[in-house]
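Chains as they are written, first to last, in this note's numbering: chain Z, 225 to 336; chain F, 125 to 239.
Everything labelled a hint here was simulated from the structure, so no lab data went into it. Positions of the beta carbon are idealized from the N, C-alpha and C atoms, including for glycine. Be aware that one or more of the hints could be misleading.
To be verified - Chain Z is faced by these chain F residues, among others (derived, beta-carbon under 10 Å): (1) V137; (2) Y156; (3) N165; (4) D178; (5) V181; (6) Y185; (7) P203; (8) R218.
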Amino acid sequence: DAEITQSPRHKITETGRQVTLACHQTWNHNNMFWYRQDLGHGLRLIHYSYGVQDTNKGEVSDGYSVSRSNTEDLPLTLESAASSQTSVYFCASSDPGQAEAFFGQGTRLTVV
Amino acid sequence: AQSVAQPEDQVNVAEGNPLTVKCTYSVSGNPYLFWYVQYPNRGLQFLLKYITGDNLVKGSYGFEAEFNKSQTSFHLKKPSALVSDSALYFCAVRAPGTGRRALTFGSGTRLQVQP
């Protein structure tokens, strides 16, 4: 079955380090998204992509970057991790022909 | 800008009773509306969506939602709650068309079903 996978599932890193979270989908979806989930805020959009070589900033993009070199992958990079970036990160994808997005299992990131 | 409000942080209901989880939205144009459910330590699972047509949409696990354009609401409902329905529920909205395709989520409502 097609799916969307995130790795690692859990990560502890130190303040100031660069961290990359992986997202891989096998649906061949053009649209991919990164969200962070924090208590009281629901899910907030970090970055998104509508296709290869396309990337866009979401509402909370400061300190994050993404790249889209192929259809399947949208890695999320924290350039210099900060304690405020401790969160659960979700990747999602959708097809232009359908409105709903499908989510990965999430990555719990702790910055110490 | 598009936004979603879920006015209740938590909803408590007894097993077998009907449940309602409230959602109101703001978006330009006719909305695309969604409900997702999240179980502990899991990702979000799609429950149902409204795009167009009948205001009452049916989804997975016996859930349904009613779209009310005049009240800009999209409340999630189930006639008879199960203990296994206990989870975190998110309402989401996006604008129609191919412009912004990312979903905007509410802050979530925790549903607790007591046996």
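Structure-based check of all given hints:
Proximity of F/V137 to chain Z is violated relative to the hint, the smallest CB-CB distance being about 21 Å (cut-off 10 Å). Among the interface hints, the one on F/Y156 holds; its C-beta lies about 5 Å from the nearest C-beta in chain Z, closer than the 10 Å criterion. For F/N165, the interface hint holds, since its Cβ comes within 10 Å of a Cβ in chain Z; the closest pair sits about 8 Å apart. Because the closest C-beta pair between F/D178 and chain Z is about 16 Å apart, greater than 10 Å, the hint is violated.
Taken as an interface hint, F/V181 does not check out: its beta carbon lies about 12 Å from the nearest beta carbon of chain Z, beyond 10 Å. At about 16 Å, the closest approach between the beta carbon of F/Y185 and any beta carbon in chain Z exceeds 10 Å, and the interface hint on this residue is violated. The interface hint given for F/P203 is violated, since its Cβ lies 24 Å from the closest Cβ of chain Z, which is over the 10 Å cut-off. Because the beta carbon of F/R218 sits about 7 Å from the nearest beta carbon in chain Z, less than 10 Å, this interface hint is met.
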